[in-house]
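4 protein chains.
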Amino acid sequence: MLLDESASGVYVIAVTPFLPDGAVDMASTDRMVDFYLEAGATGLTVLGIMGEAPKLTGEESAAFVRRILARVAGRVPVIVGASAPGFAQMEGLTKSVMDDGAAGVMIAPPGHLRTDDQIVGYYAQAVEFIGDTPFVVQDFPLVTGVQMSVPVITRIVQDLPTCVCLKHEDWPGLEKISALRKGLDRRVSILCGNGGVFLPEEMARGADGAMTGFAYPEMMVSVVKNHRDGTPERGRDLFDAYLPLARFEQQPGLGLAIRKHVLAKRGVIAHTTQRRPGAGLSPAGVAEVDLLMGRLTQRLAELG
Amino acid sequence: MLLDESASGVYVIAVTPFLPDGAVDMASTDRMVDFYLEAGATGLTVLGIMGEAPKLTGEESAAFVRRILARVAGRVPVIVGASAPGFAQMEGLTKSVMDDGAAGVMIAPPGHLRTDDQIVGYYAQAVEFIGDTPFVVQDFPLVTGVQMSVPVITRIVQDLPTCVCLKHEDWPGLEKISALRKGLDRRVSILCGNGGVFLPEEMARGADGAMTGFAYPEMMVSVVKNHRDGTPERGRDLFDAYLPLARFEQQPGLGLAIRKHVLAKRGVIAHTTQRRPGAGLSPAGVAEVDLLMGRLTQRLAELG
Amino acid sequence: MLLDESASGVYVIAVTPFLPDGAVDMASTDRMVDFYLEAGATGLTVLGIMGEAPKLTGEESAAFVRRILARVAGRVPVIVGASAPGFAQMEGLTKSVMDDGAAGVMIAPPGHLRTDDQIVGYYAQAVEFIGDTPFVVQDFPLVTGVQMSVPVITRIVQDLPTCVCLKHEDWPGLEKISALRKGLDRRVSILCGNGGVFLPEEMARGADGAMTGFAYPEMMVSVVKNHRDGTPERGRDLFDAYLPLARFEQQPGLGLAIRKHVLAKRGVIAHTTQRRPGAGLSPAGVAEVDLLMGRLTQRLAELG
Amino acid sequence: MLLDESASGVYVIAVTPFLPDGAVDMASTDRMVDFYLEAGATGLTVLGIMGEAPKLTGEESAAFVRRILARVAGRVPVIVGASAPGFAQMEGLTKSVMDDGAAGVMIAPPGHLRTDDQIVGYYAQAVEFIGDTPFVVQDFPLVTGVQMSVPVITRIVQDLPTCVCLKHEDWPGLEKISALRKGLDRRVSILCGNGGVFLPEEMARGADGAMTGFAYPEMMVSVVKNHRDGTPERGRDLFDAYLPLARFEQQPGLGLAIRKHVLAKRGVIAHTTQRRPGAGLSPAGVAEVDLLMGRLTQRLAELG
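Protein chains in written order, with my numbering: chain A, 35 to 338; chain B, 35 to 338; chain C, 35 to 338; chain D, 35 to 338.
Check the hints yourself; a few may be wrong.
Put simply, identical chains are the same to the list, so a pair is met inside one copy or across any two.
[What the hints assert, rightly or not] Once the Cα atoms are required to be at most 20 Å apart in a straight line, the calculated EDC-like pairs of lysine to aspartate or glutamate come out as: (1) LYS299 / GLU162; (2) LYS216 / ASP271; (3) LYS259 / GLU94; (4) LYS259 / GLU39; (5) LYS129 / GLU93; (6) LYS216 / GLU322; (7) LYS259 / ASP324; (8) LYS216 / ASP193; (9) LYS129 / GLU94; (10) LYS299 / ASP64.
I should point out that these hints are in silico values taken from the structure, not numbers from a laboratory.
For clarity, every value in this text was computed on a predicted model and none was experimentally measured.
Full structure from sequences and hints, please.
What follows is the structure in structure tokens.
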């Protein structure tokens, strides 16, 4: 199963669960896969920025991906983050995970790229190394520092047929979706990030779904479904209920700690452990999240 | 009336209204002042980043501040943004607005500052130029690119007695408020930014209020009041109702267009005009805001 | 006398001389103009980054430019740096200096520009404000943070007929000169910066001269002249003799202090004063420059 | 043989030689080691930024380091660049190379660090992972984007006894050497970078030597030796002769291509191949370097 331009729905960005001693927690990994699929995920993305990928050794990354793939067992496509400082590493990781059954890879531009030509050239070079592997362009300027304009993305899509999906995470980004839908000469999948906090508007602009990691993927699944069913207002009601928490999880640097805390409280992963360096939640932060979770329960009850 | 450490409540960051031909719209300016004060603002801040200050000539800036001060007529303190590339300009503007009756100035660190000593040294130098004028430190790394750690702010507060207030706009920033409240050897006012999207949590961490420009200042006034009255949950209910719009207005680069659109629709300012360069709202963007305004009205009705 | 595409030779970037009390030193300004013209300058550029422009008030800038123009008295063209945070300010300054007799303005891109379209769009907007004033594009990524690719510069030159000159200060930048000479559909002047430390190679690649502020403009004049006379090796001999000093003056942040020290020692300006903020030379730094000046004298004597 | 605070002389930053097909060229590696040691190197540093480290896979890095260590055979200490996005990787590489006989590792701060506390905290965490391995702090803001102030370096040296050396590559950096020599409460080795283009002044300020990769290490060896022998002017004469080439090699992004070209022309390495992404020399660039090499030969002959 390879990723293609028709990708839609919710591709959940998976966290990497750790045991308290820092080892990868494989039992939690299995539970997490089950949880995401039961919540309605149409795909998974692993070893992304929020997956603490750079903190894993090459062996750990490979073992983690294999575990995920084994548990998913072909039910949904699995995308693997393959951004690396050098093409040799990107090539090695891509070959390894594709052999193991991944559906494609995701590539973010390195932070030193500036001009349009540099960015387009980078992806052209990457493709020489990853061959015919389908790939996702990760457009996340807040973290990468690289601003990819609509003409740049258009050129990448035009020049490189194996580019099948854009992980859209620019901010603001709504006009960009409209411009891409109008300007691209072939339709690729646009899946949106930013923790889902603009998902209703993104769907209305022409996105195909979400690729992000909010700890309540069921909200995103519902927004996408209601949009498709022609009942976007019902999706918005739910969205609004979750928004206080989604906004809180969207804090840069702290989001992963919040996400792991919620996932642990929901029984998905056993521990909130992050590998170092990583920012944890203070007791006050824990109390803030718990209060928001309580209010969410209450609001969902009101909505019926 | 000079700004001091007891500043609290909601200091609204005022927009600068323009006529369609680009001239400053003085009639709208008057209406805006009235609107903010009726909404419960305890202060105003003008010529900030969202006030399009760098697009005004020196004469226009001075005239605009004078008009604001005349209309406020001493009812609340008025802070003026005085960030400038050189100290000569900062000194000139500060002298001029303080003579006209401003309560203090706000100073953001220039983007090239990196180390702790550079930042602390910059504010020490600034004070040599602005003299005994009370000033607000603007901590807004997303826009300035300068990260001011707790030790840096502590040193500024300790070294410079005329530093009376922090405009807190770091993101994430909640732990920072707690650390500052614990670490500062003298209490200064902490007023929070980021469009109010973390205001309930910020108040709980020890902030004194908000200094930001959300187009519905009454929400922020209510959150602050309910926090003080010991009914923070009531404040949160209102906050949650406004959050879909607040989140939308918080989009960088686009926020001012949204804010001006809402203020115009509410009858506060006559035109949504921005000076160039400035990003306007597309028809789709206008529709998105209008939809959110409609949903807000409905939700407020539900809340009673 | 307006700047046009035929600009060549050495446009010296003038410092702004100050008296010890911080006022602009008009007597030194006159002497400096005479010195630069006697050294063979074919033009002057004032109020550039190294001219401490942002530290002057609007009135001071205008008075300084008028003094320069009066002293130059039409003998060579004078370019004025007009970069400003807003177009209103740029328009005001441009109108004022062009009325006073300047030959054109120089505009650097603001630091937040990233994509090709943003940069090209910025210059297109600027031209709407400065009208038919000839302008120089300042390409100085080390300081502005904006990387202007060859296609970007090509589009600016193509779209905007009043763009007559590129101040080339990219680093590395030699291939860029070759690519521009090959790619531009109309010949504009290319004058190079970086303190002249690549001038022999830049001339060989097709540059028309230098626009930079090395404290020994006679070296740059000689390199350009020898290149034109077909005796580039003679120019290089002189260049090599000055290089230890040129390299030293090229230190970012410290270069202006070194330049003012040398100009003062050479009797051109009366004081080394910089406006704050500004880094001065320590006694050790002064000794280093003096040693290099001594070695230069000796080496020039050897060369005869 | 472990690195300690007495490190001095010239630690050459080694390139990584490749065969035309992109494989590591082990025969050239051996010749390069011999060449550096014959030129008077007192140490070698491998897998640095200029060593194309991020383009090697983990296995290739380990094999390359082992080959270097075998050829050096204990004659001089070998430092290995161990900067990595995560501590797990840094720990793994450090353990591996120290077991193989390296003398220490070099660690650059990751680019997202901003405040003093963040930088100091990063090195404290790193030491928890690399244990008692002696390490070099790499201070190279032009490339890393991280500005390490004198107080920051002082705190690192004070807190972490295994910090034995600073690779000083700030620019400007002379005052920093003086300040560190005055402020540090224990003497660590300071070895300077930037291709040696400030080496005479750096030695006079109190540096212990160079750690950089100029293609003529004999120049750096001579400058250091003459400084120690009390004949710095003789060192400067040689320095001045090499400066036109050193300046040329110091072009960011292009420097490695120039260095490999010179090393190949000098018979040290067999090929100028770089792994992708990497900027090569155009024919015009090759001609420029060859011209400078010719002039150098002539000038050295004049000097006798």
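Hints versus structure:
When the C-alpha separation of LYS299 and GLU162 is checked against a cutoff of 20 Å, the pair qualifies neither within a copy, at 44 Å, nor between copies, at 30 Å. In the homo-oligomer, the alpha carbons of LYS216 and ASP271 never lie at most 20 Å apart, since the shortest distance is 29 Å inside one protomer and 39 Å across protomers. Proximity of LYS259 to GLU94 under the C-alpha cut-off of 20 Å is found in neither arrangement, the shortest distances being 36 Å within a copy and 48 Å between copies. Within a single copy, LYS259 and GLU39 get their C-alpha atoms as close as 19 Å, which meets the 20 Å cut-off; across copies the closest is 51 Å, which misses it.
In the homo-oligomer, the alpha carbons of LYS129 and GLU93 lie at most 20 Å apart both inside one protomer (14 Å) and across protomers (16 Å), since each shortest distance falls under that limit. Taking the closest pair of Cα atoms, LYS216 and GLU322 come within 20 Å of each other only across two copies (19 Å); inside a single copy the shortest separation is 42 Å, beyond that limit. Neither within a single protomer nor between protomers do LYS259 and ASP324 lie at most 20 Å apart by alpha-carbon distance, with minima of 28 Å and 23 Å respectively. In this assembly of identical chains, LYS216 and ASP193 lie within 20 Å of each other by CA distance solely inside one copy; the values are 17 Å within and 25 Å between copies.
Proximity of LYS129 to GLU94 under the C-alpha cut-off of 20 Å is found in both arrangements, the shortest distances being 16 Å within a copy and 17 Å between copies. Only within a single protomer do LYS299 and ASP64 lie at most 20 Å apart by alpha-carbon distance; the minimum there is 17 Å, versus 51 Å between protomers.
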